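Number of protein chains: 4
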Amino acid sequence: MQRIAMLGSGFIGRFYADSLHGQRSRDRVVAIYARREESARKFADDYGCSFFSTDMEEVIAHADVDMVCIALPNNLHEAAVMLCAKHKKAVVCTKPLGRNADEALRMMQAVEEAGIFAGYLEDLCYTPKFLKAMETVKSGGLGRILWAKSRETHPGPHSEWFWDKEQAGGGCILDLGCHCIEIARNYIGKEVRPVEVMCWAATQVKPIDAEDHAIALVKYENGAIGQFEVSWTFRGGMDLRDEVMGTEGTIWINSFLRTGFEMFTTGKGTAYVAEKAESATGWLFPVGDEVNELGYNHMFTDMFTAAEAGREPAETFYDGYVVNAVIDAAYRSAQTKQWEPVRLPVWRGREGLTQESTLVDYDENHYLIKEEITHDGRHKLILKDKATGRILERDLI
Amino acid sequence: MQRIAMLGSGFIGRFYADSLHGQRSRDRVVAIYARREESARKFADDYGCSFFSTDMEEVIAHADVDMVCIALPNNLHEAAVMLCAKHKKAVVCTKPLGRNADEALRMMQAVEEAGIFAGYLEDLCYTPKFLKAMETVKSGGLGRILWAKSRETHPGPHSEWFWDKEQAGGGCILDLGCHCIEIARNYIGKEVRPVEVMCWAATQVKPIDAEDHAIALVKYENGAIGQFEVSWTFRGGMDLRDEVMGTEGTIWINSFLRTGFEMFTTGKGTAYVAEKAESATGWLFPVGDEVNELGYNHMFTDMFTAAEAGREPAETFYDGYVVNAVIDAAYRSAQTKQWEPVRLPVWRGREGLTQESTLVDYDENHYLIKEEITHDGRHKLILKDKATGRILERDLI
Amino acid sequence: MQRIAMLGSGFIGRFYADSLHGQRSRDRVVAIYARREESARKFADDYGCSFFSTDMEEVIAHADVDMVCIALPNNLHEAAVMLCAKHKKAVVCTKPLGRNADEALRMMQAVEEAGIFAGYLEDLCYTPKFLKAMETVKSGGLGRILWAKSRETHPGPHSEWFWDKEQAGGGCILDLGCHCIEIARNYIGKEVRPVEVMCWAATQVKPIDAEDHAIALVKYENGAIGQFEVSWTFRGGMDLRDEVMGTEGTIWINSFLRTGFEMFTTGKGTAYVAEKAESATGWLFPVGDEVNELGYNHMFTDMFTAAEAGREPAETFYDGYVVNAVIDAAYRSAQTKQWEPVRLPVWRGREGLTQESTLVDYDENHYLIKEEITHDGRHKLILKDKATGRILERDLI
Amino acid sequence: MQRIAMLGSGFIGRFYADSLHGQRSRDRVVAIYARREESARKFADDYGCSFFSTDMEEVIAHADVDMVCIALPNNLHEAAVMLCAKHKKAVVCTKPLGRNADEALRMMQAVEEAGIFAGYLEDLCYTPKFLKAMETVKSGGLGRILWAKSRETHPGPHSEWFWDKEQAGGGCILDLGCHCIEIARNYIGKEVRPVEVMCWAATQVKPIDAEDHAIALVKYENGAIGQFEVSWTFRGGMDLRDEVMGTEGTIWINSFLRTGFEMFTTGKGTAYVAEKAESATGWLFPVGDEVNELGYNHMFTDMFTAAEAGREPAETFYDGYVVNAVIDAAYRSAQTKQWEPVRLPVWRGREGLTQESTLVDYDENHYLIKEEITHDGRHKLILKDKATGRILERDLI
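Protein chains in written order, with the UniProt record's numbering: chain A, 1 to 397; chain B, 1 to 397; chain C, 1 to 397; chain D, 1 to 397.
If we strip away everything but chain A, and leave its shape as in the complex, we get (with noise of 0.2 Å):
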């Protein structure tokens, strides 16, 4: 059982707390900070919290508390995060971990040097899905991974401060953007190292300092290419998609919007509205149950079991360190309009990947580019001479 010390009491740190309280059913958010009192207050009574305050120090060090978890704006994870270490109380930190890869690697070497379990909440890791098509492409079922897509759009943030620059430290890069990262990357494979970003970015509708709409390309030292796709501008509910393709084979995954679960209704017989969906009427697409398909409960259920168990996460600090390395290099190149260096002070992974060859030979002399059987039924091959490099068509009969 872990005694949780939740830190703000907003959106995030409520659906943190349903997926608390509801998945192992013995842990517990004992105590809460908020920045107001009377939010403290009632998320203490809503929650059956037995120690709240507006003094974060005060929360993290309660001798009831075990774990801290940081749901608060961008702009107060590190101060939290020293807070955890200085106390030497376990910390789980929402996404993204940092502003930029400065802050983030300053909290992974704060809680290394303080030796206390640390845990980056990137729950779309975690979504069932995710967990499966992962196996599938760690057991080699898509072959060479050359291709990873991540998609998170929707009509904006609900919290105010996610509007604005300072405290979150850009805009849809930043809180949608470290998803499709870490999506993208787990695919290709960790220990591949990210070595360029090219990104645009735009303010495109809304009347703010930050993004609100980008597309990035993220070259991997092996080939592989990375992309993610985000915007608060989007119009129709929450889009998340990925898309994985390899030498071998595709995975397509829709964790939000078509689901298998499609609702028409004309709005007459209720007051019914259906969850984060624009419109109240027509055809509505609901998710079966959000905390879940989100990847909430397997989140909290890998992260309180590695640190029951003395082991790690499954995402890291360092891992959300690596995530906002890659995102300050997306700013600069929407800045510069080049592609820019991941820059990687500490680097844990592998070095000197090349592009693997996936050449097939079809004979001695000839590669295999393609085998089709076509409309008329001709079973046609195209190769490619080793020798000349020309390419030609060959019938099997």
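No farther apart than 16 Å at their CA atoms in a straight line, the calculated lysine to aspartate or glutamate pairs in the EDC-like style are these:
| no. | chain 1 | residue 1 | chain 2 | residue 2 |
| --- | --- | --- | --- | --- |
| 1 | A | K219 | A | E340 |
| 2 | A | K337 | D | E196 |
| 3 | C | K370 | B | D164 |
| 4 | D | K386 | A | D164 |
| 5 | B | K386 | C | D209 |
Just so you know, these hints were derived from the structure itself, not from any lab. As the structure is a computational prediction, the values presented were derived from the model and not from experiment.
Given the coordinates of chain A, work out where chains B, C and D should sit on it, guided by the hints.
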């Protein structure tokens, strides 16, 4: 925490144990009964049970056991329940409750007389999508429910006893129809009496005595219609779909084959085989977290929470008995080729319901049949004259 | 080139004319009959017809007319066909052919005696998807067909006469069931005799005398089962789906609501209203080219090519008559609550078919029931002993 | 009626001829040019052409020929167009128009100087779904277009010349990107200037000199972003998807792999192989009527109607030239790793566009960022103070 005795070490027993150990992560299967000692021993090893035996009563009566989970062939349910009643052990029983309503009624009466907790393991009434859909239906989002369909078709069950009419009590109606009937009954309202059943059943493909394909209609007292389609001869995997239609809306749920997870594999890269699919290459449709998507997690959570709180679970032996009574009528109907009444010697729901009128007045003299905006921009009404019964069109300008 | 007289200037007449003028772009509607002169004149203007009249016979007999297209309420089909026979004009007639099999049989006999070309405008047996699916079924891709379902549900028809039992001859069974029956009959094989029907029908919502919702099973002589689901009370648009199941495969076709075209609109940007949808905002599901997707183009191409080549079209008055006979049985069954025989005084297909056996020998002594690779890697067989009938499991190693 | 000379007897020439003969059923391919006499003769036999030759000019100049259809490898387009200009024959040319913008510009200028009809065969801008989506976009249903993606990926082309960089002029960018670019350009508005391109391209799998995978962003003068994803290394069939996002809505189109037609087959029943699929068993996704769904029918209808009416078709050589110019920029960008300007020596659209503001005033002092109804029933606004730029939350009561 629940200390559970599992009766049966087969496919479903293992599925249950995976959910039991995984979900709340504090309940344990402590004892296992199987007919063959080697099966019992293997299960005990795999799941860490401290006790195993081929003597069912010994397992049920064991002092460490709080709750008995029946995961046996249908013909052994009654005897197992009677032993639970004798030893005053809480009991949860897999579906269908009995091979027929007589068996089911005796089981229900036995647990009620013994005063023990009893739950009916109808997992498909606990899937995340079903629970969410039920919320909408209960809140009136679909208006009055007119039609509830449920379909379960696949290429046939795993264990040999299913295919034996004596042990199973029947074919795919008992195996799969029990799910569909209870799903429709939930949507239409458990308090509404199922009055008669028309069923077609055939042995279309398999060399067995029981039916491998059936379709039935279940008429409810309030005019709503339930429908089930079940097959052991379907090709393409396990197709689990529900459709609910009401005066104000529609819900479509796909619980297995199309859930937003699509995968193509050449099969060259790996020996991986996707679960339950009929093929291991080409397009496959895995499910993220089967145990959760099939409802096992939410089911056991409800069962144990109910047992601990001293309340009834959402699915009781009474429900299992009603389902068996509908199935009995279906089997009779398949024989007599008539609508057969559902015989319910015990009925605890409402009586004397009639079809609710949903006529819509357009004005004092007319009912509204339909309002429509057509291609060419007409805003058209179809009305019925209350006095003459004549149908007329009228354009709104 | 065909010079066509259109009888009827309503919704379906215009739909037909759009297809006729668009598809081969050389056929012309030259004359139009409507009951009201202003409707006839407007249609003539819109489609460039040189002749219009409220006298049906005058239009049919007009010297410029090669072919008559009947797009009238059901109660006027017979009279129109008789006039075509009298004036020896080729005729194509909308669905259903008659209000009942007696009418349909008289029409069939009239055109055959007159020796004129006659085609049955069953458009849903000409959709691109249906035609492609039929190729697969005919080539054996699904093995022996066991079960063919077809469903058409929507919120009700456009014109007032549909809602009037005298003019229409019935409700949604006649209007929509005629499609579903012929679709299933094509898949199962037109040469196979439909023998009996079980039908449930009800007036669930609308203030009308006819049924607004029905479900039926049609048993074929070879053991195959046809199934239709029709409703005028469905909410969410027009749902057109077919499902065909055989011993070796499955086909699912969605012809309208889910065809790979999805759209969300706030409705703020425009006055645009998507066709046939029940709402103009939120998620909508348009169809690319309705006239083509609903089969009109391929239907008229077949009709005219057949007429020009002196051969029969794929859908004839004989087919229309068989469909009416099945519908008659459905209506009787809804009354008697019995399986009702399909009365076919004229039958041109095969006789005396029985269910084909598809038992699979495993070895000399056993039938194969099922072969499966389970979770834990077992390669498992379920067999039946030919002599004893006993079911057994065997593992392949 | 059009009397057509087909240049090229390969895969695409046959696809075109199928559409030409099928659609209006009065146009005829009367002459065929192929490089090898046996190919020309076979094509002439198959399609009933009265004339065939291996001399291109002879075919073009033939007295019976009204219109020339170029279905040749990319390196032969220019020479063919020049001969059409010389002989004043109307011409339609397959995509891409040239191997680069210089070739394309010369072709455009030649036909304009010759005063002949010229059409660009960009079929994917004529699919039924595309045409319908364009209607919605033009009517404002999506508001201001922000982002238009198009994706075409498959396992590689059919003929050997595609794989040869000299004949094809490049790899999948030229072959597939040309579609995607023109699709996005239509959605964003043909009058809006594409200004710069960022492209990543790689040879990931195939033993070829050209790219087999590429992703690019195309920036338009008004701030809209076009995006394309193309691959010859995708596994699973041909994936054709477009996504358009605007301030008021979203459109998703799937043109091939998920169109509401799903099929499972064991492959035991038949030798049938579904077209273009990578497998012949398991789950397959056929397309109802390929020639129609891929836009060929509507394309040729537009071309011939335009030629007969003396107007321009929807897709002209000018459009082909703009597409080539964007492709040139993409290839330069893949080399320089910079955003590269689109060089358009001839530009006939609008100039000097800027991003349209869509700021929404909430009141005199605030912009509206977001309005939302949250879980707990709050009706929440996120606003921006116009004077201070501060972001704030406000609840509506």
